[in-house]
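Offset between the sequence shown (1-based) and the numbering used here: plus 2.
Please note that a few of the clues may not be correct.
In the DMTMM-like style, the derived pairs of lysine to aspartate or glutamate whose C-alpha atoms are separated by at most 20 Å in a straight line are [stated by the list, open to error]: (1) Lys68 x Glu86; (2) Lys68 x Glu57; (3) Lys8 x Asp19; (4) Lys78 x Asp19; (5) Lys68 x Glu42; (6) Lys63 x Glu42; (7) Lys25 x Glu42; (8) Lys63 x Glu35; (9) Lys66 x Glu42; (10) Lys68 x Glu79; (11) Lys68 x Glu35; (12) Lys63 x Glu79; (13) Lys63 x Asp74.
Distance ranges between label pairs, derived from CB positions [as the list claims (entries may be wrong)]: (14) Lys83 x Arg12: 21 to 31 Å; (15) Ile21 x Gly55: 40 to 50 Å; (16) Ile3 x Trp85: 52 to 62 Å.
Hints listed in this document are in silico derivations from the structure and should not be mistaken for laboratory results. By construction, the Cβ of each residue, glycine as well, lies at the ideal position given by its N, Cα and C atoms.
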Amino acid sequence: INRPAKSIRRVSGHHSDWIEAIKGGPASSANFEYSSRLTEIALLGVLSVRMGGAEIRWDPKNMKAKGLPEADQYIKESYRKGWEVV
């Protein structure tokens with residue numbers, strides 16, 4: 003078995019990686035574009051567990067579980083008056 007070539011840049015730590023990116027170095031290895039998708043996948047697993055193991059057919063553009071309106075309560079919370087995000 004041949005190992006694939008290393009393609010992910012090694013970093014000395016999360017904080018130093020972030021500081022290097024701020025100072026104009028290479029982009030952080032945990033940038034939002036990558037980590038947001040990974041987090042979304044993990045949270046869909048949590049949503050499925052909360053829904054009793056239901057199959058989640060996810061609409062990422064609209065942030066909705068297709069055909070599962072009861073899941074909406076877990077996807078987006080309502081904020082108290084005066085604390086809304088605008």
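Now the hints, each set against the structure:
Between Lys68 and Glu86 the alpha-carbon distance is near 26 Å, which puts this suggested pair outside the 20 Å criterion. Of the pairs offered as hints, the one joining Lys68 and Glu57 holds, with about 10 Å between alpha carbons and a cut-off of 20 Å not exceeded. Using a Cα cut-off of 20 Å, the hinted pair Lys8 and Asp19 holds, with the two alpha carbons roughly 18 Å apart. Taking the CA atoms of Lys78 and Asp19, the gap is near 31 Å; set against the 20 Å cutoff, the hint is violated.
Between Lys68 and Glu42 the CA atoms are separated by roughly 16 Å; this keeps the pair inside 20 Å, and the hint holds. For the given pair, Lys63 sits about 12 Å from Glu42 by alpha-carbon distance, which is consistent with the 20 Å threshold. Taken as a hint, the Lys25 and Glu42 pair is broken in the structure, with Cα atoms around 28 Å apart against an allowance of 20 Å. Distance restraint check for Lys63 and Glu35: the Cα-Cα separation of roughly 15 Å lies within the 20 Å cut-off, and the hinted pair is therefore satisfied.
Distance hint between Lys66 and Glu42 is fulfilled; the C-alpha atoms sit about 12 Å from each other, no more than 20 Å. At roughly 18 Å between alpha-carbon atoms, Lys68 and Glu79 fall within 20 Å of each other, so this suggested pair holds. With a CA separation close to 24 Å, the supplied pair Lys68 and Glu35 exceeds the 20 Å bound. About 18 Å separates the Cα atoms of Lys63 and Glu79, which keeps this hinted pair within 20 Å; it holds.
Among the hinted pairs, Lys63 with Asp74 is consistent with the structure: their alpha-carbon atoms are about 15 Å apart, no more than 20 Å. Separation of Lys83 from Arg12 is about 48 Å and departs from the stated range, judged on CB atoms against 21 to 31 Å. At about 42 Å, the CB distance of Ile21 to Gly55 agrees with the hint of 40 to 50 Å. Judged by the Cβ atoms, the range 52 to 62 Å given for Ile3 and Trp85 holds: they are separated by roughly 55 Å.
In this structure, the earlier hints numbered 1, 4, 7, 11 and 14 are contradicted, and the remaining ones agree with it.
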